[in-house]
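Trainee: The primary structure of each chain is shown beneath.
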Amino acid sequence: MAEGIMAERGRMDRVRGDRHPERDRNQALTALTMDPEKIRGKHAALCFATMAVMLGLPLWWKTTETYRASLPYAQIGQLDSLLLRLRVPVSVVFIQGSLPIVDQQKLPFTVVNERDVPLKCKMKLKCRFQQAYRMAGSHEERALKMDTIQEAEAALPSPKEDTVGSLNIFVIPEKSSLLPQDKMSYVGPKRTAFVRGAQGRQALTVIGQRVLQVAQSMSLTDDVLAAALGDRLPEDKRSDDKRRPLKASLGYEITFSLLNPDPKSHEVHWDIEGAMESFVQPFLSLFGALGNFSMDSQILYYAMLGVTPRFDAASSSYTLAAHSLPHVINPVEARLGSSAASLNPVINFLLYVPERAHSPLYIQDKDGARVATNAFHSPRWGGIMVYNVDPKAYNTTKFPVKVNVDMVQVMEVFLAQMRLLFGIPYPQMPANFVLAGPPSEGLRSWELDRLLWARTVENLATVTTTLTSLAELLDKIGNIVIKDDVASEVYRAVDAVHDAIVELAAGNLNSAFHASREAVTSSEKAFFDPSLLHLLYFPDDQKFAIYIPLFLPMAVPIFLSMIKIILENQKIRKDIEKVD
Amino acid sequence: MAMAAPLTLHLLLALLLGSSGPSRAEPERDSLREELVLTPLPSGDVSATFQFRTRWDSELQHEGVSHYRLFPKSLGQLISKYSVQELHLSLTQGFWRTRFWGQPFLQAPAGAELWVWFQDSVVDVDKSWKELSNILSGIFCASLNFIDSTNTVIPTASFKPLGLANGTNHHFLRYAVLPREVVCTENLTPWKKLLPCSSKAGLSVLLKAERLFHTSYHSQAVHIRPVCRDSHCTSISWELRQTLTVVFDAYTTGQGKKDWSLFRMFSRTITEACPLASQSHVYVDISKNSQDNVTLEVSPPPKSTYQAVVLGVRRTYAVYDLLNPATFSGSRSLNLQLRWKQQQDSGGHLVPFLHAQRYVSGYGLQTGELSTILHNTHPYRAFPVLLLEIVPWYLRLYIHTLTITTKGKENKPSYIHYQPAQDRLRPHLLEMLIQLPANSVTKVSIQFERALLKWTEYTPDPNHGFYVSPSVLSALVPNLVGTKPTNWEESPLFSTMFPISDSSSHFVRLYTEPLLVNLPTPDFSMPYNVICLTCTVVAVCYGSFYNLLTRTFHLEEPKRSRLVRWLANIIRRIRGVPPL
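Going down the list, the protein sequences come from chains A and B.
Counting with full-length UniProt numbering, you get residues 1 to 580 for the letters of the first sequence.
Counting with full-length UniProt numbering, you get residues 1 to 580 for the letters of the second sequence.
Pulled out of the complex, with its shape left as it was, chain A reads as follows (with noise of 0.2 Å):
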């Protein structure tokens, strides 16, 4: 029926065409804008279009979406430029005679001084010694009373504040005996420390200039934070030899080798279970709050290093030049053998007997010279030393030669080296400052205390940079996916950062620390879940291929029909406009 009546109607319009061209061309423009059939058609492809856009567009992108769980961005960009407030508690006791009477009643109780450490990155660091004023009691009064400073210290009575991360300075007469007469301060090994005082009328102020001074080369210098925050710092701050120091972790395995390449010579004897009782364990206990140590020893045989050391003529002795150094480790290091029950970084301490053929073996440094103590450190590696044998040994006929290490001789070396492998450097003080030597473990308090700080600042630093690397790649790559856990261990994270800052904030070392070292499990555990790369390797050019088939023949018409709408549409509009 349809086709009946339109093809009268085209016949109607053709014969009609024929006769008037003029005014039936405008009567036919009407009528095709007017047709209902066209209209029908243009309609229904308008519905398809708005089908496609409104419910399968919404559809594809809903079932194809990677899940990714709600994540603290907001906060995590603010981590960016954290503010650390450190306030180091400092209490100043004033002996009897260091301050004048006058300056003695208006004694403030506090008084506080900030310091900003410079960082490259956004993040502030600002040190806030918080410094309580009080006079000295009476047994503090008898205990300075000794004739030597460590009498004197040792009769002191434990403070009540000798906490992590605080610090005790006395101020002493300008007059007193106790210091040698061009030094101003003495500094302890435990958190104490003595300031002499001063007379006059700007007394107070000078005492206090004094105290912060010694407060601060005691607290976070500038070397142990360079020493921990590395590239963190600005350049002129940073030199290779900081970078030494193993990264913050958990735990750390400790492991002694003794290299034997010759046993047909040397019949090595080494005491490693006497030198790790009364050397290391004792130096090792103190650093407890740091993580978890774990230690053992293993001899190798013809381990070789992997450099031939060149025969020096004129003292008959080979040597190992410094610029061959780096080519020592490696091929020792594959038979050193990876620990198998951790996954905490290991510092390997090797002792190097050299081969018969070649000692005795000395390491020279850049200038030629030969170093005294014949060992160099790798950082974040650990340290090797070379011990020779005793030529004398060799006036036998018996083979292999008894070997026995000197422990004290070897174990000197590599607590040194483990020190400058967990960033504690030497203290650096100025000229006239008395440093007292370490107590018997081998390390003061206070340098525990400043490697603390430095810890907790070095962790937060971490956290920061893996939660905004994180943050950025998921803005980068919309492949990653992030589950609920993994969202819930960023939120961990965030929280353990600001529990750290406040508890800085408040003095307590030892709990910011933990806060610190929380967050960093927690963001590493986040930013290295495996789940984040399910679908990262599902390449574009895969899903084209399973796309196209479909989507190309159900687009192309749609696309087309809109085309002609928008074309047809233009050129009515441009009639009409010519008509009128």
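No wet-lab data here; the hints were simulated from the structure.
Treat the hints with care, as some may be off.
[Claimed, not checked] Partial list, derived from the structure: chain B residues whose beta carbon lies under 10 Å from chain A: (1) 67; (2) 81; (3) 121; (4) 123; (5) 125; (6) 138; (7) 139; (8) 193; (9) 275; (10) 383.
[To be verified] Listed below are the simulated DSSO-like cross-link pairs for lysine-lysine, each with C-alpha atoms no more than 30 Å apart in a straight line: (11) B:127 x B:81; (12) A:145 x A:190; (13) B:454 x B:127; (14) A:402 x B:192; (15) A:525 x B:130; (16) A:483 x B:257; (17) B:407 x B:454; (18) A:525 x B:81.
[Claimed, not checked] Per label pair, the in silico range of CB-to-CB distance: (19) A:56 x B:548: 18 to 26 Å; (20) B:568 x A:541: 40 to 48 Å; (21) A:335 x B:211: 16 to 24 Å; (22) A:524 x B:451: 38 to 46 Å.
Ideal Cβ positions, reconstructed from N, Cα and C, are used throughout, including at glycine.
Guided by the hints, dock chain B onto chain A, whose structure is given.
Mentor: Chain B in isolation, oriented as in the chain A frame:
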């Protein structure tokens, strides 16, 4: 000659003590023994078995800090971390043809085999097993990380601890075989690194990868077990046995001659003993030389010989003691050679009492049959055999079709343990104790159906087939000659792997061939084809539907050219119809 062996041993001990003098006043806590057994096989091949045994007198578990000397640190850490009671790992390329080569000292299945007894203090055995296999996979560069619940079984009877054990609760045992594993140089290198002398001295000099893998059979293994420290057995020592067995095809490489020398096989000779070893022996099997008939000649002539009943057969070995300087007196190196004086008849060799075959039969890709054929060639003694079958879950066993026939009659097993598989969770485990009558052939067969895998579960080369791990036979095989109980600690290593229970039989563990089964394999481009086809169908339907809905239809007067009209008019005129 038999007396000579202990005599040399004493001489050697005296030499050892003399050479090191008073330095060995305190007993060494660990010791190393190394030995090489060269056996001319009946088929004309030569098998070489290296054994390195490190014994460590230490209670590994109870020490916080461990000091390793000869025992490798990486394995020691594993034992103490995962509370391992016993660990047996073997990596094998090729198949030991028991029927032609005779009984091996220690056979291993093709691919990787790992079985571990954990101590009863372990709470979560599965977790420890998973972590342990992952770490071993790292240490030995093998794909042991593919060990999961689908190929792990808990055998109830077949694998008993080889060392000291308090209880044998099989819940602490895990066993897995990876028949797909290809063994190559990268597995040998870490294995060699565990040796105290590395590959620098002693027998390990012969371990040259390019020769060892140019063989018909290569099997390297690590066995760790606790052993008695002394005859009173009041405390335990840890024993690490590293064994390596290779079978050289001497017949074809030697241009039809069966003669061989160390240099021809290994392209190396032995130059010195490992200075750390307390015993270093080379044994050459010269049992073919009978009293009156000298069929072969070894050079240099051995200083001593050793006679023993090994695997139920009396054997004679020429012994070379590498720690005895006289061994190297003739030349600087020891190049053992064996020359056959007369061609022996090939058919005269003794077929082992127990050997087995396994094959898969059936046609099509739906069902099939697994058959294991067990031979007992002993003329008059019957003995029981423990048969262990592990079948992956994708072969669905019909346990009701299990038939065991001997000499045409049904043979009822006296013990059956069957654990059915769970899809994608665990394999089938079938253990049976079968009595093998004298001089008989027993056939064990079971039918199976092949399962369809998900398309991601197929291996990268699915048309290669899927491996079914070999069946394991454990049996006490009667001896041909009776043995006297010997001192365990002093007898050669090759005879002390399995504990000897009584004098009339010896323990044998044999593995059959691994099987290769084809599963129904889809065309892997199918998903894409399906996508394309579906999309095309959808596109075609959609296209016509779209056309129908959006097109407007007009009837158009057909336009005809003058020629066509002229032709039509001619036809019309002929038909008598008025022209156009």
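Trainee: For each hint, tell me whether it holds in the structure or not.
Mentor: Hints, one by one, checked against the model:
1. 67: Interface hint status for residue 67 (chain B): holds (5 Å vs cutoff 10 Å).
2. 81: holds (4 Å)
3. 121: violated (17 Å)
4. 123: violated (18 Å)
5. 125: Violated, because the Cβ-Cβ distance from residue 125 (chain B) to chain A comes to roughly 18 Å (cut-off 10 Å).
6. 138: Since chain A brings a Cβ to about 7 Å from residue 138 (chain B), closer than 10 Å, the hint holds.
7. 139: holds (6 Å)
8. 193: Holds, about 6 Å.
9. 275: Given a least distance of 5 Å, the restraint on residue 275 (chain B) holds.
10. 383: violated (41 Å)
11. B:127 x B:81: holds (13 Å)
12. A:145 x A:190: Roughly 19 Å between the alpha carbons, so the hint for residue 145 (chain A) and residue 190 (chain A) holds.
13. B:454 x B:127: holds (27 Å)
14. A:402 x B:192: Given that 30 Å is the threshold and the Cα spacing comes to 27 Å, the pair holds.
15. A:525 x B:130: holds (21 Å)
16. A:483 x B:257: It is violated: about 68 Å lies between the C-alpha atoms, which goes past 30 Å.
17. B:407 x B:454: Status violated; Cα separation ~42 Å.
18. A:525 x B:81: Answer holds: residue 525 (chain A) to residue 81 (chain B) is near 23 Å, not above 30 Å.
19. A:56 x B:548: 18 to 26 Å: Roughly 20 Å apart at Cβ, these two residues keep to the hinted range, so it holds.
20. B:568 x A:541: 40 to 48 Å: Since the Cβ atoms of residue 568 (chain B) and residue 541 (chain A) sit about 57 Å apart, the hinted range of 40 to 48 Å is violated.
21. A:335 x B:211: 16 to 24 Å: holds (23 Å)
22. A:524 x B:451: 38 to 46 Å: Because 41 Å falls inside the window, the suggested range holds.
Comparing the model with each earlier hint shows violations of hints 3, 4, 5, 10, 16, 17 and 20; every other hint is respected.
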